[in-house]
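**Student:** Order-wise, the sequence lines are chains A and B. Take the first sequence: its letters are residues 8 to 340, numbered as in the working numbering. Take the second sequence: its letters are residues 8 to 340, numbered as in the working numbering.
Just to be clear, a hint being listed does not mean it is correct.
In silico DSSO-like cross-links for lysine-lysine, where the CA-CA straight-line distance does not exceed 27 Å [as the list claims (entries may be wrong)]: (1) B:K256 x A:K256; (2) B:K256 x A:K67; (3) B:K67 x A:K256; (4) A:K67 x B:K67; (5) B:K67 x B:K252.
Since the hints were derived computationally from the structure, they do not count as laboratory data.
Residue-level listing of the chains:
There are 2 protein chains.
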Amino acid sequence: MTQSRNLITDVAGLRIGNAQDAGLGSGVTVALFDEPAVTSVFAMGGAPATRETDLLDPDKMVPAIHGVVLSGGSAFGLDASSGVQACLREQGIGFAVRDALVPLVSQASIFDLVNGGDKDWGRYPPYRELGYEAARQAGPDFALGTAGGGYGATTANLKGGLGSASALTSSGHTVGALVVVNSIASAVIGDGPHFWAGALEEGREFGGHGHPARVGPDHRRLVWKGGPQPATTIALVATDAVLTKAQAKRLAVASHAGLARGLRFSHALFDGDTIFAAATGRRPLGDEAAEFTELTALAADCLSRAIARGVYEATALPYPGAQPAWRDRFALA
Amino acid sequence: MTQSRNLITDVAGLRIGNAQDAGLGSGVTVALFDEPAVTSVFAMGGAPATRETDLLDPDKMVPAIHGVVLSGGSAFGLDASSGVQACLREQGIGFAVRDALVPLVSQASIFDLVNGGDKDWGRYPPYRELGYEAARQAGPDFALGTAGGGYGATTANLKGGLGSASALTSSGHTVGALVVVNSIASAVIGDGPHFWAGALEEGREFGGHGHPARVGPDHRRLVWKGGPQPATTIALVATDAVLTKAQAKRLAVASHAGLARGLRFSHALFDGDTIFAAATGRRPLGDEAAEFTELTALAADCLSRAIARGVYEATALPYPGAQPAWRDRFALA
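With these hints in hand, go ahead and build the complete structure from the sequences.
**Tutor:** Printed below as a string of structure tokens:
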């Protein structure tokens, strides 16, 4: 069962902001927590670009953080967190150490440096300002597709983008996923229009095409960026449940199954596939093991669905010869 | 493209042996390498039972090992490696330290202690002898389904089992998967007969049922063992490529995507989901990054297919009230 927005913001206690630059062909998405959220991370790709991930290990001191950033810009994009920190500092938000306030923001970036946008930024990459702007924009509603950290995202055959989805567990906990789909491979079976996540679609959230009854060898031909060039699918899953940091890590680990089911293929040497998991802590778990297990299963489902939605909602970049979007190829006229 | 046997033994340089005990309702599968194979592992479940996995990290000294065991018996089953070592020692196989020979055997076990078999073994669990016998049986052909380490395996709704599949990469490397499917959840969509791995099926290797064109909310109801009780899907992927130990680890990591796509759901708190990856080193990689990336993608596919085959080939345990097998429910009369 999905929630009202079918977005990660159905989880109480977090807001999402996007900022993007059409000329740059890239952008930033930020998740800000109303109260510090217990957060962990699991990086499984062979080529991750991340910042402030070590402190998310359960053995590290920090109990909770203030935000998570999913950005473009590869290693340059990691400036975005600095802009988010600046915005939070202006609002008096941070981890207090005597009279110092340190906003704690963790981040992963995708590789979108060869998508046709102008990357000739000289000494100061624009991601710091994009991060600041994304944080300023944060609210309950946000655009999917070619937006925020998904603005410059691509897959091997169709424009990638920003996706999200939510679900309600039988214990009344909300779980949601937010993803930047920049896969080394593909979210659709063969040339499309069916999504690998087709069997998990709720309603017509990614077009209602379902699944082909037969998938022939042509559909199973491997579709990928080749080269290979770096690629990455990065995500945040969140819940209103009360979790320990170790449980948040398990949630991040288990959610990689959702990443895997949304794409063929994933977790490759040139992938940076990284998932953050955050708990806003509004509702304790009752029968802990059972409720937590259902929560991790539905988080993985949400991530698969969010991947399909990110591609389904995307529009082509405004450059000559830009990669076609799913809508360009398959939407009804 | 599958290879001749559509088994992991299509990979040159390894043999598989099974041993099982019907009264016990459990068994052991062993992979033995003709020459020591570069092997690593990645454990992602929340409740793994493993032995000799630390030495498989790329920073550890051991360059290659002699075998991998996938067994029943949970933590008791880890005795199986001792029996395999005994068999290898008799054959003069081991890591030589002056005149000592140490057979190096890594293992993971599934939880199959409540499947109706007689687990009242007293002081000496039977897995050591089963391991010895499985090693003695090792050859190019072996049974799937209710056999070896998959003998006592179950899923939430259908009998689990031992599965395998193989593929040939465009660079001529063979890759194969071997899996004991003992999922906390399910390999089939809803009540079946369609497999979650349906879109990846080669030929009619698991019945040729394909995929339902529409999957309704009833199909998406979460099916799992509840309780929860421990469960585990454990696997070995292997290739004839020459890999470094770090590449073998990446192969194990990437193969978890195949585990994820074969089941809904996986990688849960009570799962032990663990994958070994071994390289028998018969064929160097050419264009290393590209060939290796394809190899990891096809290994994940093989594992998804092997999961479906393990359930498809299974027969029910010989006990009153035993869990039904896929064949009991869906095979044509």
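**Student:** Work down the list of hints and note, for each, if the structure agrees.
**Tutor:** Hint by hint, here is what the structure shows:
no.	hint	verdict
1	B:K256 x A:K256	holds (20 Å)
2	B:K256 x A:K67	holds (25 Å)
3	B:K67 x A:K256	holds (25 Å)
4	A:K67 x B:K67	holds (25 Å)
5	B:K67 x B:K252	holds (9 Å)
Of the numbered hints given earlier, the model fails none.
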